[in-house]
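According to my numbering, the residues represented by the sequence shown are 114 to 720, in order.
Treat each hint with caution, since some may be false.
[Said to hold, decoys possible] Computed list of lysine-lysine pairs in BS3-like fashion (alpha-carbon distance at most 27 Å, straight line):
| no. | residue 1 | residue 2 |
| --- | --- | --- |
| 1 | K423 | K302 |
| 2 | K569 | K532 |
| 3 | K306 | K154 |
| 4 | K205 | K284 |
| 5 | K661 | K640 |
| 6 | K457 | K423 |
| 7 | K302 | K386 |
| 8 | K284 | K674 |
| 9 | K611 | K661 |
The hints are simulated quantities; they were obtained by calculation from the structure and are not laboratory data.
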Amino acid sequence: PIDELLGKTDLDLFPEPLGRQLFEAEQQLMATGTTTRVREKHSHPDGTIQYIDAIKCPMRDKNQEIIGLAGISRDVTQQVENEFLLMAARTKAESAATAKSAFLADMSHEIRTPLNAVLGMTSLLSATPMNDEQHELVHVIHTSGEALLALINDVLDFSKIEAGALQQEMKPFKIRHCIANSLEIISTKAFEKSLDLVCCITGDVPESCVGDAPHLRQILLNLMSNATKFTDHGTIALHIAGTPLSRQEYRLDFSVTDTGIGMTQEVLGRIFKPFEQADASTKRIHGGTGLGLSISHRLVEMMGGILQVKSSVGVGSEFFFSITLHVPAGETPNPLRNQQNTLKGKRALIVTGNPTSLTIWERQLADWGITPIPFNNVSSVISCLNTLNPIDFAILDTMTPDINAALLTAELRKRPEFKNLPVVNLCEPRCTLLPSDPVIDAHLNKPVMPERLQEKLRLFLEKAEKPVVKIAPKIESTIIASNPLRILLAEDNPVNQKVAVKMLARLGYEVDVVENGLEAVNADQNKIYDLVFMDIQMPVMSGLEATKAILNRYPDGNGPKIVAMTAHALQECRQEGIDCGMTGYIVKPIRLEVLTEILSGIPRRSD
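All chains should be modelled from the sequences, with the hints used to inform the complete structure.
Shown next, in the form of structure tokens:
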């Protein structure tokens, strides 16, 4: 009852120490005359806790003198308890996410370490003298390792996508190198299934771009791998078209088309969701994690595009997207387009038994200004020889049935007008120019990058000597002549030591090797090095600690350049290396082209 409250203070109404706290706070408010909003915690004698949100303001008389207080209190105990529960759940979720990220980072590191040895050694082995069967075995091992690496990258990226931590790595790169590497990895699986793997590059596609090459390569790998899984016969086609938006900005349109099983509209509605496949039988028959398309969809979005799909059951599917990339400042946007002028107005006979491939090669030749003369079998060509002249080139696809290059070339050579006609054989992977085929001028191994064929045709016009396609071209060790460096390698794994030492030896460099960070610090104290390749996870002293210790010796910044060579692939690990002062960051498996790029940019220190 109100009567029982009249004349009472907080000291009378509430137990100690709460009553005194409230009384003193209200006296302070009376003294200052300010309105307050507070959350009060009330502890009752029975042990229960109550939370009150209170608004209190002074009451004044007509002379503006404070004569009392007015307040409104609201019980928010349930709200506060819910907030505590949410905070606990969030802390638990963050702890689980941290544990998951740490697990994925550790698994990535542990898998990449032996994978570095597999890919590194097969890369070195492929450049040694071997017979065709040995080359085939090494190639299968290497491309299978690359496929495993792509799967690891998918899992890591999926984790980053879930955490909202996926970022682009914007650097200049050769777009055709990115495309060729993707085709090479997919080629083994495609040709195992007797699928034709073709690439067409039309329009103005620049030589170099600034963009996220690793993730673009990952998108193409996922799309072509998916196409290969669900295609039992026919063709997998990668098409890239370029359109200039300005002198330094280009729109690139990518599409991957297959002649596979196709998809229903119901499947198309969920194809980009994680872990989704057409049905359980699809997974049993074709395998896969169901992550590739979902990740590719998010990666394309990150690059500013939209991954779309068209499909018909029993006909095939087409995945396509467009992105905008910039040309590095100061570079000629498209030097290859300038070379195509020499081919304009020429005529090329193209013979393949694959109708899809025939259409694609017609499109590619037409883009170069060449008039294609298409045939789908040898007998039709022979019956039309009288009407074919003039022809400047003959392109024969001997991977398709009933295309006998030797027979057709012999028939062509019988005629005076075709006696010196350049003949190019598009053949199965890793075939060579055989002594039994002296009438064929060049063999190009599939998958054929368009510029390889373009360059071959251009050389024919210049009456160059007959070229022979080598299976494993050696990497010239000329870089050391222009940039001799003193190199230290800090690596605790003996196998990875061998891989790095042999790769550097291929490029002409000798290297000193230590097994942990402390030994690296001591080695730098005893000898001048221009470059230190530093593993991150090592015993005794980590690579990050060693980097700090070495660079602290050189406050003038004249110390050796330190480049991480590690199996840690997460962005936060890369950032830690940069924060420590590292110049570069190589993620295992090590690639010769990456090593070459790093070495060419390292200056030699003065003695």
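Now the hints, each set against the structure:
no.: 1; hint: K423 <-> K302; result: holds, 24 Å
no.: 2; hint: K569 <-> K532; result: holds, 18 Å
no.: 3; hint: K306 <-> K154; result: violated, 72 Å
no.: 4; hint: K205 <-> K284; result: violated, 37 Å
no.: 5; hint: K661 <-> K640; result: holds, 18 Å
no.: 6; hint: K457 <-> K423; result: violated, 34 Å
no.: 7; hint: K302 <-> K386; result: holds, 25 Å
no.: 8; hint: K284 <-> K674; result: holds, 20 Å
no.: 9; hint: K611 <-> K661; result: holds, 26 Å
Violated hints, in rising order: 3, 4 and 6; the structure is consistent with all others.
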